[in-house]
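In order, the protein sequence lines correspond to chains A and B. Numbering follows numbering that gives the first Met the number 0, in which position 48 of the first sequence is assigned residue number 47; successive positions increment by one, without gaps. Numbering follows numbering that gives the first Met the number 0, in which position 104 of the second sequence is assigned residue number 103; successive positions increment by one, without gaps.
The set of hints was computed from the structure by calculation and includes no laboratory data. Incorrect hints may appear among the rest.
Same chains, same names: a pair is fine if it fits in one copy or spans any two.
[As the list claims (entries may be wrong)] Here are the computed lysine-lysine pairs in the BS3-like style, where the Cα-Cα straight-line distance is at most 27 Å: (1) Lys76 <-> Lys111; (2) Lys52 <-> Lys20; (3) Lys17 <-> Lys76; (4) Lys17 <-> Lys111; (5) Lys52 <-> Lys111.
There are 2 protein chains.
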Amino acid sequence: MIVNCVLCHPENENVIWKNEKLRVIQVHDHNFPGYFRVIWNEHVAEMSDLSEKDQQLLLWVLLIVEKVVREQMKPDKMNWAQFGNMVPHLHWHLIARYQDDSHFPESIWGPKQREVSDSRLQQLHTLAQHTAEQLAVVLQGLS
Amino acid sequence: MIVNCVLCHPENENVIWKNEKLRVIQVHDHNFPGYFRVIWNEHVAEMSDLSEKDQQLLLWVLLIVEKVVREQMKPDKMNWAQFGNMVPHLHWHLIARYQDDSHFPESIWGPKQREVSDSRLQQLHTLAQHTAEQLAVVLQGLS
């Protein structure tokens, strides 16, 4: 554990499921409902720092998140990203993207493309909450 | 193959290595030397559209690219991303990032942070070219 790492010492994470290796959290982003993060518990920086077995486990969990989000939220595209430039502690962003979201087809880190109505966002946030609940059930069933 | 998909009908790709399933290309981006893309040959959109065997193959190749880039270029961080919002044909971006690059710690799709000298970029482009050559050797040795 690194003293000043915010992922070694998390605060206010909405943890959907965790085991001794990793955790899945729901990210509350106003503009992007259907945003989940998979965080490796140990402080490692890169995918290639993990053992092969741990790489497989991480991919397996990422794919479960993708499958449940796709089934429940029917996004136009799933986005995956692993940067860690600000916090060099391995974590993955998985984001459901829609053609009418605020940034599509840009990445969520790119320039905003449009305004989205409150009603559309509310509809998707309700769906994302249901998805997080389903994801917890699926992950608990597998562990 | 989809008629109007630029990844089904590539032009001017700098292919480092390919097999029947996928290809690794070097991306020539002025600001980001050490930028490689791993493209699935078949037109599928999402990771979870692949068979488990194909998912493993893709992860294996991504990790080889990461390892060679880390060994050769000693980046401060590796960035991985799979979006496909503009071209919904599965492809991964792997990018060597440095604390003094133009966008760090933002993603390369985020706002620019600083100017980088031509001499620094030239140094990294030379290193990236050598890395691409090494990567070709490693991948050919494994296939």
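Structure-based check of each hint:
no. : hint             : result
1   : Lys76 <-> Lys111 : both (17 Å within a copy, 26 Å between copies)
2   : Lys52 <-> Lys20  : both (11 Å within a copy, 23 Å between copies)
3   : Lys17 <-> Lys76  : both (26 Å within a copy, 26 Å between copies)
4   : Lys17 <-> Lys111 : neither (33 Å within a copy, 36 Å between copies)
5   : Lys52 <-> Lys111 : neither (39 Å within a copy, 37 Å between copies)
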